[in-house]
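Engineer: Per the UniProt record's numbering: the sequence shown = residues 1 to 97.
Please note that a few of the clues may not be correct.
Quick list of in silico lysine-lysine cross-link-like pairs, DSS-like style, CA-CA up to 25 Å [what the hints assert, rightly or not]:
1. 62 to 72
2. 20 to 39
3. 8 to 39
4. 72 to 8
5. 8 to 20
6. 39 to 72
7. 62 to 20
8. 62 to 8
Ranges between beta-carbon positions, derived for each pair [as the list claims (entries may be wrong)]:
9. 68 to 47: 18 to 26 Å
10. 89 to 31: 20 to 28 Å
11. 61 to 22: 14 to 22 Å
12. 71 to 42: 14 to 22 Å
No lab work stands behind these hints, which were simulated from the structure alone. Heads up, the beta-carbon is just placed ideally off N, CA and C, and yes, glycines get one too.
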Amino acid sequence: MIYFEYFKSQIERQIVVHLKNRMVFRGILRNVDPFLNIKLDSVQIESDNEFISIKNGIKNIKMCSIRGSAIKCIEMDRIGIEERLTEASRLRYNIDR
Numbered sequence: 001m002i003y004f005e006y007f008k009s010q011i012e013r014q015i016v017v018h019l020k021n022r023m024v025f026r027g028i029l030r031n032v033d034p035f036l037n038i039k040l041d042s043v044q045i046e047s048d049n050e051f052i053s054i055k056n057g058i059k060n061i062k063m064c065s066i067r068g069s070a071i072k073c074i075e076m077d078r079i080g081i082e083e084r085l086t087e088a089s090r091l092r093y094n095i096d097r
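Whenever a hint applies, use it, and build me the whole structure from the sequences.
Structural biologist: Spelled out as structure tokens, the structure:
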């Protein structure tokens, strides 16, 4: 739940989501659930996969939902990540003891 809590604190920020099929979604994080399913606004789509062709009409979409199990990694600003995750781990350790 550490990552879920961290992503909840990052709502309304710009993120980049890399999927397992090598597609990349850039957008503003609007919501996240405990399964790390995310909802993005103002989305721009890129694809490194030559087998997936994206037509010009759908490169910019208003909103999308991405299933957590399809996500490979998420890029975001590094400001405060280490401190927040360390603090969350420390709190989690104290609760579990």
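Engineer: Now tell me, hint by hint, if it's right for this structure.
Structural biologist: Now for the hints, and whether the structure bears them out:
At most 25 Å may separate the alpha-carbon atoms for a hinted pair to count; residue 62 and residue 72 meet this at roughly 22 Å. In summary, the hint linking residue 20 to residue 39 is supported, as the alpha carbons are separated by about 17 Å, within the 25 Å threshold. For the suggested pair residue 8 and residue 39, the alpha carbons sit about 12 Å apart, so the restraint of at most 25 Å is met. Taking the CA atoms of residue 72 and residue 8, the gap is about 19 Å. The hint holds against a cut of 25 Å.
Taking the CA atoms of residue 8 and residue 20, the gap is about 23 Å. The hint holds against a cut of 25 Å. In summary, the hint linking residue 39 to residue 72 is supported, as the alpha carbons are separated by about 16 Å, within the 25 Å threshold. For the suggested pair residue 62 and residue 20, the alpha carbons sit about 22 Å apart, so the restraint of at most 25 Å is met. The suggested pairing of residue 62 with residue 8 holds, with an alpha-carbon distance near 21 Å, which does not exceed 25 Å.
Range check, residue 68 to residue 47: about 20 Å between beta-carbon atoms, so the 18 to 26 Å window is met. Between residue 89 and residue 31, the C-beta spacing of about 24 Å keeps the proposed range 20 to 28 Å intact. Remark: the range hint 14 to 22 Å for residue 61 to residue 22 is upheld by a beta-carbon distance near 18 Å. Checked against the given bound of 14 to 22 Å, the beta carbons of residue 71 and residue 42, roughly 18 Å apart, stay inside it.
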